[in-house]
Every structure is written in structure tokens, then in C-alpha cells.
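K.L.:
Assemble the complex: chain A is given as a structure, and chain B must be docked to it using the hints.
2 protein chains.
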Amino acid sequence: MVDNRMAGAFYFNKIAIIGVGLIGGSLAMALRRKGLAGYITGVGRGLPNLEAAKRLGVIDSFTQDIGEGVKDADFILIAVPVLKIGEAVRKAAPHLKKGAIVTDVGSVKKAVIDETVPVVPEGVHFVPGHPIAGTEHSGVEAAFPDLFTGRKCILTPTEKTDRKALEIVKAVWEEAGSNVVVMDALAHDRILAAVSHLPHMIAYSLVNTVGDMEKAGVDALSYSAGGFKDFTRIASSSPEMWSDICAMNREAILKTIEDFQKRLEGLKRLIDKNEIAGLKKDFERAKNIRDSLVSKTGKLSEHK
Amino acid sequence: MVDNRMAGAFYFNKIAIIGVGLIGGSLAMALRRKGLAGYITGVGRGLPNLEAAKRLGVIDSFTQDIGEGVKDADFILIAVPVLKIGEAVRKAAPHLKKGAIVTDVGSVKKAVIDETVPVVPEGVHFVPGHPIAGTEHSGVEAAFPDLFTGRKCILTPTEKTDRKALEIVKAVWEEAGSNVVVMDALAHDRILAAVSHLPHMIAYSLVNTVGDMEKAGVDALSYSAGGFKDFTRIASSSPEMWSDICAMNREAILKTIEDFQKRLEGLKRLIDKNEIAGLKKDFERAKNIRDSLVSKTGKLSEHK
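As they're listed, the protein sequences go chains A and B. For the first sequence, the working numbering assigns the number 15 to the initial residue and increments by one for each residue that follows. For the second sequence, the working numbering assigns the number 15 to the initial residue and increments by one for each residue that follows.
There could be a bad hint or two in this list.
[Said to hold, decoys possible] Cross-link-like lysine-lysine pairs, in silico, DSBU-like; alpha carbons within 35 Å at most:
1) Lys301(B) with Lys294(A)
2) Lys98(A) with Lys166(A)
3) Lys174(B) with Lys98(A)
4) Lys282(B) with Lys269(A)
5) Lys105(A) with Lys301(B)
[As the list claims (entries may be wrong)] Cβ pair distances, simulated, as ranges:
6) Glu289(A) with Glu279(B): 34 to 40 Å
7) Tyr53(A) with Gly280(B): 22 to 28 Å
8) Gly292(A) with Ser75(B): 40 to 46 Å
9) Val232(B) with Gly137(A): 32 to 38 Å
10) Gly231(A) with Glu82(B): 46 to 52 Å
11) Val308(B) with Arg104(A): 40 to 46 Å
12) Leu200(A) with Met197(B): 36 to 42 Å
13) Arg177(B) with Glu289(A): 36 to 42 Å
14) Gly153(A) with Gln78(B): 55 to 61 Å
15) Gly231(B) with Asn302(A): 16 to 22 Å
16) Gln78(B) with Glu254(A): 15 to 21 Å
Bear in mind the hints are in silico, worked out from the structure with no lab data behind them. The structure presented is a predicted model; accordingly, all values stated were derived computationally and were not measured. Yeah, the Cβ is synthetic: ideal placement off N, Cα and C, and Gly gets one too.
So here's chain A without its partners, still in its complex pose:
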């Protein structure tokens, strides 16, 4: 077990970042700043982004060949879209050195584990992870080393995950400033379905509902104020990423949509029956919960 608090930080001679975007780039910068990385190589498909990453000093070199990139690496961060994680690990597998630690940042964990664990070679350690961080921007030019400061990072080891590797990945995210929480993959997927995936499904549905009015000749959008804009900002998120997430976290998302549908139906019933006192009570409960958010997640999480 590595205890970087007591015995000095871990140190990686070579790090490979697969997918040098906002998340991958920011972690590279955070580890570099702490002097915890000897050499960082980036792997990706788009040359302009890789060239920018090198120019910005985020990585020392880059390649489009995943095998070449992961060769001799001690630590491999898979920061590609969630649907591509399994494929990336499969391609890297034959080239991974014994003892290497592989981790990912996918926002769905059970499906990633199911795809990835079987293709990780004997002697290589895979630790599933998900830093709860991001901005509305993407690409390495948006990366910055404090992206993870004060943010939660969830690790979801399986029973077979190497404990030492888990401790090292935990230390990596702690060095990047995160508060690391270890939990079961299914618990992670249920929680993220509720606080992240469901709001996206709702925002997309709401915007399309108002879009239907526009189609029917009612220019409702012109009358939307700041509240509507804030509320629907997440409907501007990447359609590709979100359809992937739906595929990868299908059951938990379906369940949370159903829970929400029951709540909304209950509220509709109160409106229908003109039960103003019941409505007010429902709204008060929600307001209390929402108002508690700031104390629960702290000021630092205000970062978008």
C-alpha cells in the first residue's frame, strides 16, 4: 500500500493519457505541477488537439497509436467518451506492462466495468473511476490544473480490484485536489442517474416541449427569461455523449425517470384538484432540500 501522505507521494516515470481533452489534460497538468510525473505522453485521434496539448506543455509527446503510447507507462488514464473506454483498453491491452495501473473517468461505471475488466491482462490493474468535474467547454485548451480542486471523485473498485492500485489511484485524485469516495458501481450509477442523467433527460424533453409550441406557431421561446435559460443550459450538452450515456446506464436512468414521473404526476393531481395547501407543502419541501445544497456541496462546487 502506498501512503503518499506519510512516505512521500507516488511517482510515475511515464504516464499515458488516452484522450487529451478537458479531463485528461487537466489531470496531466495537476500531476505535472506536483512533480509526480516523469514523462507524459498523449494518445488521441485528432492531431490539432494533440499538437495544442504539446504546445501548451500538457504532454511531452503524442502519438495516434495507442499501443505505442501505453508502452512502458506506469499509469494510464483513459479519458475517452464512455462508449469508447472498453475499446481503448482492448487496444491497449497487448502493450501494457506488468504492474501498470489503468483507470478511467467514465460517467457510467457498471457497464464500463463489464466491458473493460475482461480485457485487462493478468498483472495489470484496472481501477474504475469518475471525477465529478467538468465545465461547459471541452478540449485541451479548456484544461486547467485546478479543475478537480474541491470536487468529488468516485472510485468503484470490484471485489477483484487490487487494493494497492486502488490506493494509488486514490492518491492520484487526492493530489489533484479531489475528495475521493469509494463506492459500489451500481450505487454510483443510481446516484449519477438521479443528479446528472435525469436532469439532462428532463432538460431535453422540456426544450422539445417548448419547441413543439414554436412548431405550432406559438413563439414561446421569445418570452423566456433568465430562469429558463439557466434551467435549459444542459440541453446544449453533446447529443452524442448523452445518447451514449443513456445506452450505458439504461436501467438506472429508466428507474429514475419513473420516480420523477410519479412525483410530477402527484403534483399534477394536486393542481388538478386545486389543493393549494398540498402544493405549497410539496414546494416547501423542495425548497428546503435545494437550499441545503450549498452547505452540502460547498462553495467550490459552484464551479460549472
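P.N.:
Okay, now just chain B, sitting in the frame of chain A:
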């Protein structure tokens, strides 16, 4: 007809503001700044707020007696909660002078008209209105004269509304910087149900859904990021105000909830059947509509 562009602005010797809060206070400040008000009196229930309004120069005097306040006033702005508008006009009615113009700022229009028009005395002109403006703050201390600058204001005259009075109220809001739109009360209520009331119903329901998880021992809220906070900010709105709005705009809200429910159910079906291409198409449509918002409502409406 008053054409304040050509013949010089209208001028009111005495204005009465019933409800000197964010909206009422801001309009008083905007008209005072333009030199369009001789004397402004405020009517309210809470003495501390009225005293603050006088100290800040928003009003020249105040009273808790609505009859005393509206006496001799040329222009009366009813800026009380939507459920209290009818009552305020009823109390003011015996004291209103002939030729006085009364307008309101209620966020529901048909129900306000139904309650108010029958109690407006002969010779007094009532023009129903709704400025689409506000901040998360309330009370006169939050008021500022530019609150309405670049924002839409909807007026919903009935067939019987005096055309001259309508033109004057239009000029009032234009002088305050608003873009005035005239439309039918039911059209207003449908549009606001979709872009304002529905998002609030959704936000309250979403927060309560996540609250249910907390109750079941899953601390999901701790893992919410900036997106969830933005998305649920409106769930911190006043429960009293929103249960009132539900009562006042019952049918339009029920209809728009149903439209939204159909959209969400369709999305759920696509997830259930794993129809990723269909999902992506739905998300892309929403993204395009959302992205068009900035151009539709302009930069100035970004104000919260």
C-alpha cells in the same frame, strides 16, 4: 392617443404603487428618472419596507391605507402577489378618480382579468400587464431603474380595454426600457405556462425525487455538480407565490405538464428500446432550439 415619441412623454401628477417591492419599486425609479412622475406614493402592509422605499427615494410618501394611497392618483400600479390583485383593486375602487389608469404586473392574466375587470369602476381604465423581469431577490432594496431594460413586457387588453389607456401603459413600459408586446390573455397564460410555470413544476418535482433517495439513505445530493445546482435554482423560489400561480393558471399548467409528460415518455421509450439514433436525434433537436435562445432573446435577457 398619447404618442410620447412625438408629442413628448406622458406625465403623471400622482402615481400610486400598490406593493413597493422589486417590480413596483423599479418601475417607480425608472419613471422618476425620466421625470415622468410628479409625486409617487407607496401603499403596502409592511412598514419597514415602506420606510426603506422612502429613505431610498423610490417613493415620496407611503400609507397602509389603499384608499388614501390611490386618491387623486392618475396612474396606479398594482404590484402585489397575483392572488391579491383582485382584492387590491376591489379595495381601491371606491377611491379611484375618474380617468385614472390602473395596471398590474401579475404573471397570470386571464384569472386576474376575470377577478379585476368586474370591480373596476366606470370611467377608470384597467390595462392588464406582465413585465417579464425579475431577479432572485425581492423587496424594494433589490429594486433598480434598469430592471426592465431590454426585457419584454406583455399587455393583455380585453375587447373593452380603453385604447388610449392601453397606449399610455405601453408608453410607460417603453419609457422603462421594455419591449412591449400586446397579446390575448389566454395566449399569454399558455406561453408563460410553458417557459416559466412548467420549469418550476419540473424543478420542484426533480428536487423532491432526489430528496426521496436521501430519505431512503442514498446521499445523492452530495454528488451533484454545478449543472444540478443551476438546474434546480428555481426550486428555491417562493412556495407561496408558486402555489398561487398554480391556482391562477391551472388549466394552462395542466396542459403543458401533459405535453411535457408525453415528450419524456417518448424519450423513456427510446432509452428502453435502446434506440440510440432516435435519442441522439431528439437531443440534437433540443440542443438546436436551446442554442437559438441567445439570438432569440438577446444578451440583455441574460440578467437573472
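K.L.:
Now, for every hint given, state plainly whether the structure supports it.
P.N.:
Hints, verified against the model:
Taking the CA atoms of Lys301(B) and Lys294(A), the gap is about 33 Å. The hint holds against a cut of 35 Å. Taking the CA atoms of Lys98(A) and Lys166(A), the gap is near 23 Å; set against the 35 Å cutoff, the hint holds. The suggested pairing of Lys174(B) with Lys98(A) is violated, with an alpha-carbon distance near 64 Å, which exceeds 35 Å. Between Lys282(B) and Lys269(A), the direct Cα distance comes to roughly 10 Å. Compliance with the 35 Å bound is thereby established for this hinted pair.
At most 35 Å may separate the alpha-carbon atoms for a hinted pair to count; Lys105(A) and Lys301(B) meet this at roughly 33 Å. Hint check: Glu289(A) to Glu279(B), Cβ distance near 24 Å, so the stated range 34 to 40 Å is violated. A hinted range of 22 to 28 Å for the beta carbons of Tyr53(A) and Gly280(B) is inconsistent with their spacing of about 50 Å. For Gly292(A) and Ser75(B), the Cβ-Cβ distance of about 41 Å falls inside the hinted range of 40 to 46 Å, so the restraint holds.
For the hinted restraint 32 to 38 Å between Val232(B) and Gly137(A), the CB-CB distance of approximately 36 Å keeps it satisfied. At about 47 Å, the beta-carbon gap between Gly231(A) and Glu82(B) stays in the expected band of 46 to 52 Å. For Val308(B) and Arg104(A), the Cβ-Cβ distance of about 41 Å falls inside the hinted range of 40 to 46 Å, so the restraint holds. Restraint check, Leu200(A) to Met197(B): a C-beta distance of roughly 50 Å breaks the suggested window 36 to 42 Å.
Remark: the range hint 36 to 42 Å for Arg177(B) to Glu289(A) is upheld by a beta-carbon distance near 41 Å. Take Gly153(A) and Gln78(B): their Cβ atoms lie about 60 Å apart, and the range 55 to 61 Å holds. Distance hint check for Gly231(B) and Asn302(A): the Cβ-Cβ separation is about 18 Å, which falls inside the suggested range of 16 to 22 Å. The supplied range of 15 to 21 Å is broken by Gln78(B) and Glu254(A), whose beta-carbon atoms lie about 60 Å from each other.
The structure fails to meet hints 3, 6, 7, 12, 16 from the earlier list, while all remaining hints are met.
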